[in-house]
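Peer 1: Full structure from sequences and hints, please.
Residue numbers (UniProt numbering), protein chains in the order written: chain G, 1 to 297; chain S, 1 to 355.
Since no wrong hints were added, every one of them can be taken at face value.
Derived DEER-like restraints, expressed as beta-carbon distance ranges:
| id | chain 1 | residue 1 | chain 2 | residue 2 | range |
| --- | --- | --- | --- | --- | --- |
| 1 | S | F13 | G | G188 | 20 to 26 Å |
| 2 | S | H167 | G | W206 | 38 to 44 Å |
| 3 | G | L39 | S | R104 | 56 to 62 Å |
| 4 | G | A189 | S | D178 | 32 to 38 Å |
| 5 | S | R104 | G | W81 | 42 to 48 Å |
| 6 | S | P106 | G | L149 | 54 to 60 Å |
No wet-lab data here; the hints were simulated from the structure. For every residue, glycine included, the Cβ atom is placed at its ideal position computed from N, Cα and C.
These are the residues of each chain, in order.
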Amino acid sequence: MTDLSSTGPVRTGGTARRNGRGLTGLLLVSVPVALLGWLIIYPIFNAIGRTILRTDGTGPGFSLDTYVRFFSDGYSLANLWLTLWVTAVCAALLLAICLPLSLYLRFAKSRVAAVVQGLSLFPMFVPSVILAYALIRTIGPNGGVDLVLNALGLPKINSPYLTPWGPIIGLVWDNIPLTTLMLVAGLGAVSDNAVEAARDAGARPWAVLRHIILPQIGNAVLVVLSFTVLSIFSAFTLPYVLGPASPEMMGPFMQRTFGQVMDTRMAVTQAVITFAICAVFGAFYVRSIARNRKNGR
Amino acid sequence: MAQLTLKNLGKSFDGTDVIADLSLDVADGELVCLLGPSGSGKSTVLRMVGGFETPERGAILIDGEDVTEVPPEKRPTGMVFQSHALWSHMTVADNVAFGLKLRRLPKAEIRRKVTEALDLVGLGDFGNRRVWQLSGGQQQRVAIARALVLEPKILLLDEPFASLDQHLRERLREELRDIQRRLGITTLFVTHGQDEALALADRIVVLRGGEIEQAASPDRMYRAPETRFVAGFIGSMNFLACDMRGGRADHPLFPVAAVVPDGPVELAIRPEALTVSPGRSAGMSARVHRKTDYGTHLLLDIVLEDGARVKAMCPPSGAFEAGQEVRLTASQVALFRDEVKLAEVRTEAREVAHV
Numbered sequence: 001m002t003d004l005s006s007t008g009p010v011r012t013g014g015t016a017r018r019n020g021r022g023l024t025g026l027l028l029v030s031v032p033v034a035l036l037g038w039l040i041i042y043p044i045f046n047a048i049g050r051t052i053l054r055t056d057g058t059g060p061g062f063s064l065d066t067y068v069r070f071f072s073d074g075y076s077l078a079n080l081w082l083t084l085w086v087t088a089v090c091a092a093l094l095l096a097i098c099l100p101l102s103l104y105l106r107f108a109k110s111r112v113a114a115v116v117q118g119l120s121l122f123p124m125f126v127p128s129v130i131l132a133y134a135l136i137r138t139i140g141p142n143g144g145v146d147l148v149l150n151a152l153g154l155p156k157i158n159s160p161y162l163t164p165w166g167p168i169i170g171l172v173w174d175n176i177p178l179t180t181l182m183l184v185a186g187l188g189a190v191s192d193n194a195v196e197a198a199r200d201a202g203a204r205p206w207a208v209l210r211h212i213i214l215p216q217i218g219n220a221v222l223v224v225l226s227f228t229v230l231s232i233f234s235a236f237t238l239p240y241v242l243g244p245a246s247p248e249m250m251g252p253f254m255q256r257t258f259g260q261v262m263d264t265r266m267a268v269t270q271a272v273i274t275f276a277i278c279a280v281f282g283a284f285y286v287r288s289i290a291r292n293r294k295n296g297r
Numbered sequence: 001m002a003q004l005t006l007k008n009l010g011k012s013f014d015g016t017d018v019i020a021d022l023s024l025d026v027a028d029g030e031l032v033c034l035l036g037p038s039g040s041g042k043s044t045v046l047r048m049v050g051g052f053e054t055p056e057r058g059a060i061l062i063d064g065e066d067v068t069e070v071p072p073e074k075r076p077t078g079m080v081f082q083s084h085a086l087w088s089h090m091t092v093a094d095n096v097a098f099g100l101k102l103r104r105l106p107k108a109e110i111r112r113k114v115t116e117a118l119d120l121v122g123l124g125d126f127g128n129r130r131v132w133q134l135s136g137g138q139q140q141r142v143a144i145a146r147a148l149v150l151e152p153k154i155l156l157l158d159e160p161f162a163s164l165d166q167h168l169r170e171r172l173r174e175e176l177r178d179i180q181r182r183l184g185i186t187t188l189f190v191t192h193g194q195d196e197a198l199a200l201a202d203r204i205v206v207l208r209g210g211e212i213e214q215a216a217s218p219d220r221m222y223r224a225p226e227t228r229f230v231a232g233f234i235g236s237m238n239f240l241a242c243d244m245r246g247g248r249a250d251h252p253l254f255p256v257a258a259v260v261p262d263g264p265v266e267l268a269i270r271p272e273a274l275t276v277s278p279g280r281s282a283g284m285s286a287r288v289h290r291k292t293d294y295g296t297h298l299l300l301d302i303v304l305e306d307g308a309r310v311k312a313m314c315p316p317s318g319a320f321e322a323g324q325e326v327r328l329t330a331s332q333v334a335l336f337r338d339e340v341k342l343a344e345v346r347t348e349a350r351e352v353a354h355v
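Peer 2: Structure below.
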């Protein structure tokens, strides 16, 4: 009896403390949730509503006509495919460049690694528009590369400027720092001892990569891919400045439909379709984060 | 069964010598413990034997064959790491089978060897579990099985039980000793726990500053330390500073006689070599400062009149209280001067052994 009565106040106090903490937590989270609702959730539903609700002279009504127009228009589909293709190529190139780079940064013990890390992070501090003009001056027609080749008596390069490879080069260069940082963070989960134990068991470098490192950074690679796809799919500046005029990537396409064609509803439809594709990769990202946390527990 | 020879090994990091000039022979089936404080170079030696560090000088020979430049994946060594270093994306059986799969052994043979190895460490039924479903002790057993399944000539263990609690550590080291004796595998074991080294080793090698301070059996290491460092590092030791004058120490409590040159010395006395009895010593008073009951014995912290503190071990039946004045006698005293042992004196038998 004594025990039971004595635990009463403690429990009440504990609940009060828990309630207090809960309220603080709710207050802390309320600001970002409100911003999310105002700046993201509301515009999404608003945009979807504007594309499926028609308000012409006959009064409001449900219609999917802009979606039908988009998916039956060869030019719109070519733009969507170009964007998907550029995104896929960029993601593949980023992994091909950044994985060896991050492996080197994670496992190298030399002082050169610090220099390489500094260089790999450099693009992060260069604004996209500066990068775009730097690339035009370098690999554009009569750019730096052409001047060097000309001085050497060699023919000019087939410039990637205004071809799909223009934005690909720019986007890859621009995304190297973040991709490398995320992969290095993922590789942090692979301990030196885990690699040494594999070597001790007889694994050569390739076997260590295939059987030990890659399976342990699978989630990090998935996060990198989701993140890369999200940022590249919705890129505007580099595709606008470096990319081809026709077909064009979704970013410039939306801007032109909105600003030059003045078809607001079609521009919003393009945005909703772009968002829907990005949301699929976003879901991958959220799922990997959730899985990571679950495994962490 | 294999013999390991380290010849004049030298290794430095950032220009600082971590291992200066180290030579060691480990016999067939011998279990040698490398013992030393942090930074003494014991793990570096082990990692050089495993191939994870390359010595700048000297050679490593296994069964007479120079493996100094052989990469870890081709060395006949098996290593167990302090952090277990199990691969969390694999099952227990896959962890153990990894090295066998790389050697492209037939599946049936791999299964048999994995079962044998897991049985050896008492985890026969755990093959299908994920490593994170195991306790710390079980994980370390898997790591031992993973190292043993490849039948290495030399087994290397880098503080394998450091992250485990005391009971588990004691149980696992007994199990490891049994397995090592059963297989007769030559073993190099790194630890900073003197009790672990004393309990496990055929021979203990105490390292200090990258050099061997003493290499001896656990018995000799404890009872006949050759340097002041070893005397203080292995077990508990009381050091009392005094002077030798005319072949006798001028310490009022322990005026031991030994034929050593005059000059300052340190008397080194183990707590169990001290006998404590109620009363007052002739030359200097000594009082109990604190009494700690360990069940099997009492450990008395005694403060001498000159402020020096000594620890003495007594039977649990001893009736001592804090503040009580006591009389001290020592059955065995070693004399050190500048790290070097000058003499060992057994005071009961009045016998002096000079070194």
